[in-house]
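Chain residues, written in single-letter form:
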Amino acid sequence: MTTARDAILAAVRAARPAATPLPDVRAAAAAFVHPDGDVSHRFAEVARAGGAHVVEGARVDVARLVREAYPDAARIVSMLRDVAGTAPMPADPHTLADTELFVCEGVLGVAENGAIWLPQSRLGERAALWLATHVAVVLHRASIVPHMHAAYEAIDVSVEPFGAFVAGPSKTADIEQSLVVGAHGPKGLTVVLVSD
Amino acid sequence: MTKRAFELPVLHEPHRADGAVDHAKAAARFTADEARTDWHDGALWWVRAKRDLAAASLDEWEALRELASSIKEHTLSRLDEYLVEFEAAATRNGVTVHWARDADEHNRIVHGILAERGATRLVKSKSMLTEECGLNPYLQARGIEVIDTDLGERIVQLRGEAPSHIVLPAIHLKKEEVGDTFHDHLGTPAGLADPTALTQAAREHLRAKFLAADAALTGVNFAIAETGGLVVCTNEGNADLGMALAPVHVASLGIEKLIPRASDLGVFLRLLTRSATGQPVTVYSSHVHRPRAGQALHVVLVDNGRSTQLAREGFWRSLKCIRCGACMNTCPIYRRSGGHSYGSTVPGPIGSVLTPGLDLERYASLPFASTLCGSCTAVCPVKIDLDAQLYRWRQLVTAAGHASTGKAIAMRGAGLVLARPWLVRALGAAARGAMRVVPRRVMRVAAGAWGRARDLPPAPPQSFRAWYRANRSDRS
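The listed protein sequences derive, respectively, from chains A and B. According to my numbering, numbering within the first sequence proceeds without interruption in unit steps and concludes at 196. According to my numbering, numbering within the second sequence proceeds without interruption in unit steps and concludes at 476.
The shape of chain A in the complex, shown without the other chains:
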């Protein structure tokens, strides 16, 4: 008896249209002309348009910047050594449900869409990114790239079990196209844009 796998592969093989070449995305992207100006400025502008708060400062002040953004947060889980949390990352992600603030640090930012790459190693239990009421993401200015092609050049998505580009707080417009922030995930997201 043929397996489903063999049957599907045979059907696909028999159906293949004439071969066409795979384009060289890297070469094509290198020819794209991008807007002039500071990419971190553009990143901040696009991130704000996507609903994120953006605060800026020095890396050494990051604890203060986070506290100023969320002065009332009582239950904080932090992945940063220099930002104190009130609770450790738990073994069972379900217990993160009452987290008020989750603090983590992005690997890189993308100027064209305000997204930040957050792989598993920067998240601990990744559920924190969606269960916490608010999320603060620290991002170094020097890590911002102009567009998604450059982002995929800079990262290897397959080295970690999980990674996400995150652009702003969760949102929905499923009821009459009215934008509502805080769909299932965080109700607010602050990008702490730092330089040395």
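Note that these hints are calculated values from the structure, not bench results. All C-beta atoms, glycine included, are put in the ideal place defined by N, C-alpha and C. Be aware that one or more of the hints could be misleading.
What the hints assert, rightly or not - Just a few of them, taken from the derived set where beta-carbon distance is under 7 Å, the chain B residues facing chain A: (1) S70; (2) G152; (3) P195; (4) T199; (5) N238; (6) D240; (7) A244; (8) S263; (9) V267; (10) V281; (11) S307.
Fit chain B to the known structure of chain A by using the hints.
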């Protein structure tokens, strides 16, 4: 290269047992409420306008469309090789890969995974594939609670409806209707219709479901052959909450979703959401390569008619679709007839190209739900020749004898007349004369369906042929 002739479709959608879809009749029911039709039309046109702004913001937009189209065509041209590459990489990553020839096999596999672990509470994120397969009723009949967690999908699920759009599942509903639904099912106060308050109520209701779930099922936007990875895009974060909490994650994946390399995602993620909603990217673009510690990760690769569509010269390019919904938002027929009028899982131009391949007789009316204006083709981020494919389906529907009787008679009549110039001239003269003397309401009846909502223009004094002879014949 020679391509096989059109093969009669053999697949069934097991959950759809009723008769043929009559799009025109269903659309007439929708447009009977003129105010709602205008509102629906306007809401979708607004999304289309946002897409235009986003597309115009990138100088390289057309280059990206060309790249996306080429990558997809290349992938489809050696899809069997990429499927094998994906399977090998995913297996190395600790993912269990399953293969399903059709909807039934897919449903059985998913149920088997859940049953083996004793899972009875499933949270789902948006997956048009599982809609296509009728997975929800299949699992519910076997004692599994299935919760659609995308807000729009949850709304239509509570109402016992199907999504009316692939990206905006509840676009056909007014906030007051959502309020009534939530009042009945979630206990919100009667009359509450504020979108923010309703979303908050759904958030609390669904948060409890996420925390209690013992399995999560997601669709897949892109599957990377070289790395065995899955990419899932949402704005709400519902897919992520499911995947990040449940001990089992099942991903249902249509075989056409493969792309060769991770770097190809740069092209597709730049196009997808700009085309869908006008956002520069979805809030969450999640890349899954390995299960969480202690979690099981299953991928079900589903054919269900895709290899048959791939074999159809003239139609295989429809498999390039990345499900952005732009063709629906721009379509003058979709905007004014609503997604439910198509009676198929995927409505709009792309649905009218994909669905007749599943059951030509049942969906014979869909290729005619178009003006062939080509706006869908113009906005498609992967350059599918949608209007040309709709036109091709019309030929096949008619050749197979599935065109409506009225249309068949009219077409035969037109063929007879247009092949005889003397008859065209005689009937033209008769019609011009009649239009001057016969009352307008009678002429409108004579104009058939076209005249029902339109006024006939005043009759011209002469035929074009006579006018041309008098004015232009010396110049030819």
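Here is what the structure says about each hint:
1. S70: Where the cut-off is 7 Å and the nearest Cβ of chain A is about 5 Å from B/S70, the hint holds.
2. G152: 4 Å, holds
3. P195: Status holds, d = 4 Å.
4. T199: Status holds, d = 4 Å.
5. N238: OK, holds: B/N238 within 7 Å of chain A, min 5 Å.
6. D240: Holds - the Cβ of B/D240 comes within 7 Å of chain A, reaching about 5 Å at its closest.
7. A244: Since the shortest Cβ distance to chain A is 4 Å, the answer is holds.
8. S263: Given a least distance of 5 Å, the restraint on B/S263 holds.
9. V267: Cβ of B/V267 sits 6 Å from chain A, so the hint holds.
10. V281: 4 Å, holds
11. S307: 4 Å, holds
Against the hints set out earlier in the document, no violation occurs for any number.
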